[in-house]
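For the record, the sequence lines run as chains A and B. Everything in the first sequence is counted per the UniProt record's numbering, starting at 1 for the first residue and increasing by one. Everything in the second sequence is counted per the UniProt record's numbering, starting at 1 for the first residue and increasing by one.
These are calculated hints, taken from the structure and not from any lab test. Take the hints with a grain of salt, since some may be wrong.
Each pair may be met inside one copy or between any two copies, as identical chains are not told apart.
As the list claims (entries may be wrong) - Capping the alpha-carbon separation at 25 Å, the derived lysine to any residue pairs in SDA-like fashion look like this:
{"no.": "1", "residue 1": "132", "residue 2": "100"}
{"no.": "2", "residue 1": "132", "residue 2": "4"}
{"no.": "3", "residue 1": "210", "residue 2": "166"}
{"no.": "4", "residue 1": "154", "residue 2": "181"}
{"no.": "5", "residue 1": "132", "residue 2": "85"}
{"no.": "6", "residue 1": "86", "residue 2": "96"}
{"no.": "7", "residue 1": "47", "residue 2": "163"}
{"no.": "8", "residue 1": "132", "residue 2": "48"}
{"no.": "9", "residue 1": "25", "residue 2": "121"}
{"no.": "10", "residue 1": "86", "residue 2": "182"}
{"no.": "11", "residue 1": "132", "residue 2": "53"}
All of these numbers come straight from a predicted model, not from anything done at the bench.
Protein chains: 2
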Amino acid sequence: MTPNKEDFLKAIYELGGQNQVVTNKDLVRTLSISAASVTEMNTRLLKEELITHLPYQGVMLTEKGLRIANQLIRKHRIWEVFLSEKLGYEWNEVHSDADLLEHASSDLLIERLNIFLGEPTFDPHGGVIPNKDGSTPEIHSTPLTDCSQGAHFKIKEVDDQEEFLEYLLYKKVHLGKEYTLVDIEPYDGPLTLKATTGEETIIGHKAAFKILVELTE
Amino acid sequence: MTPNKEDFLKAIYELGGQNQVVTNKDLVRTLSISAASVTEMNTRLLKEELITHLPYQGVMLTEKGLRIANQLIRKHRIWEVFLSEKLGYEWNEVHSDADLLEHASSDLLIERLNIFLGEPTFDPHGGVIPNKDGSTPEIHSTPLTDCSQGAHFKIKEVDDQEEFLEYLLYKKVHLGKEYTLVDIEPYDGPLTLKATTGEETIIGHKAAFKILVELTE
DNA sequence: AAGAATTTTTAGGATAGACTAAAAAATATC
DNA sequence: GATATTTTTTAGTCTATCCTAAAAATTCTT
Numbered sequence: 001m002t003p004n005k006e007d008f009l010k011a012i013y014e015l016g017g018q019n020q021v022v023t024n025k026d027l028v029r030t031l032s033i034s035a036a037s038v039t040e041m042n043t044r045l046l047k048e049e050l051i052t053h054l055p056y057q058g059v060m061l062t063e064k065g066l067r068i069a070n071q072l073i074r075k076h077r078i079w080e081v082f083l084s085e086k087l088g089y090e091w092n093e094v095h096s097d098a099d100l101l102e103h104a105s106s107d108l109l110i111e112r113l114n115i116f117l118g119e120p121t122f123d124p125h126g127g128v129i130p131n132k133d134g135s136t137p138e139i140h141s142t143p144l145t146d147c148s149q150g151a152h153f154k155i156k157e158v159d160d161q162e163e164f165l166e167y168l169l170y171k172k173v174h175l176g177k178e179y180t181l182v183d184i185e186p187y188d189g190p191l192t193l194k195a196t197t198g199e200e201t202i203i204g205h206k207a208a209f210k211i212l213v214e215l216t217e
Numbered sequence: 001m002t003p004n005k006e007d008f009l010k011a012i013y014e015l016g017g018q019n020q021v022v023t024n025k026d027l028v029r030t031l032s033i034s035a036a037s038v039t040e041m042n043t044r045l046l047k048e049e050l051i052t053h054l055p056y057q058g059v060m061l062t063e064k065g066l067r068i069a070n071q072l073i074r075k076h077r078i079w080e081v082f083l084s085e086k087l088g089y090e091w092n093e094v095h096s097d098a099d100l101l102e103h104a105s106s107d108l109l110i111e112r113l114n115i116f117l118g119e120p121t122f123d124p125h126g127g128v129i130p131n132k133d134g135s136t137p138e139i140h141s142t143p144l145t146d147c148s149q150g151a152h153f154k155i156k157e158v159d160d161q162e163e164f165l166e167y168l169l170y171k172k173v174h175l176g177k178e179y180t181l182v183d184i185e186p187y188d189g190p191l192t193l194k195a196t197t198g199e200e201t202i203i204g205h206k207a208a209f210k211i212l213v214e215l216t217e
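Please model the entire structure based on the sequences and the hints provided.
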């Protein structure tokens, strides 16, 4: 298992390859490599039975492939916790260093680091940390766009892309913060949130979709 | 700069390439690669002006090459401190994980980690941590084999090969411990040490050469 | 100092990973 | 349903890194 193959499996997972077929095109965009390279890598991973392939439709993870993807995500997120909690990284800074470290971490190291960090359940943007065996704990949060007007909710998880996290930092949206959904416009229109502290925030539909919440009382 | 090139420079440094010419043969043995691969890598590093090359004699580090080697050693040793102090690794366990991590560490990460660790000066086996700019602080310890009978000394640094560290663990030799050199036999014979606690330890000449000490009072 | 042994270099390949360009297949449009 | 567009695959290259085998250079032995 090379870093490249690991990243490829992770990308398939992040594009939903656990439940649905992921197209070459999506992988081209996500990994910024040529379509030919995607086909080539598919061939390799297919031979190792890490993915299944429906020609001209796309790929899905096998159980084996899913396990490896989840173990990599486990490493990534444990490092994110370390960078954030121990080294003082902002949540929008952790991603790139964690991406490097995840490929250079023995299982022993990760288990010791995990204990050092107090066996955290979530990473700095609320992503759940997969178990050691590659399984994932069940999570019960919903996209903010699924809430209806008047709902009370708490921020549980946000998409971990650097620019998006920067945007949230600017909007003062952070994990655990509670809001009321004052207004939600139809046709994928903007949402108006009111924090318990009183201040109101307006965000677009696309951004709201990247925010997972849990309804409160 | 790829991990391979970094490792190659580090190997040259560790074989003394700062002060003397290092032969291909030594590099073959140290890196466990073929002689042909050594020649090839020499050519690449030569082109980048990281080493100088005397045909059929060997290579030495240029100032640029030395800087890179030292920065890599800095990363390695800072990680060793982390593994040892924060994750509870024994001093013979730190090496291989640090070897992986050193190539996956951004400069920012190392500087933050360094501060988190309280800016340590030495790694777990007493090796001095090079400065950020690739220079090395002066150190004043001598091989145990250079001491004369009756000398009082303190253990300052030991070679960081896994089996050797295991051996020292078994012999109960650790950093900072103080001894008297009770006896040293000629013709590279064994040395007899007496700890301040009273127990006596006998070690061979080769092992003693890998132990650096500082004379006390 | 000549022959033997060792070390280094050269030559020729292999593999992983990436690319571009062109062909083939699938999908969308009129 | 024929044509146009898009996506995927194939074919041919490239680079970094490794290898083995053989040639060249150096060092050791007697």
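- State the violated hints by number, sorted upward, taking the hints as numbered earlier in the document. As far as the earlier hints go, 7, 9, 10, 11 are violated by this structure, in ascending order.
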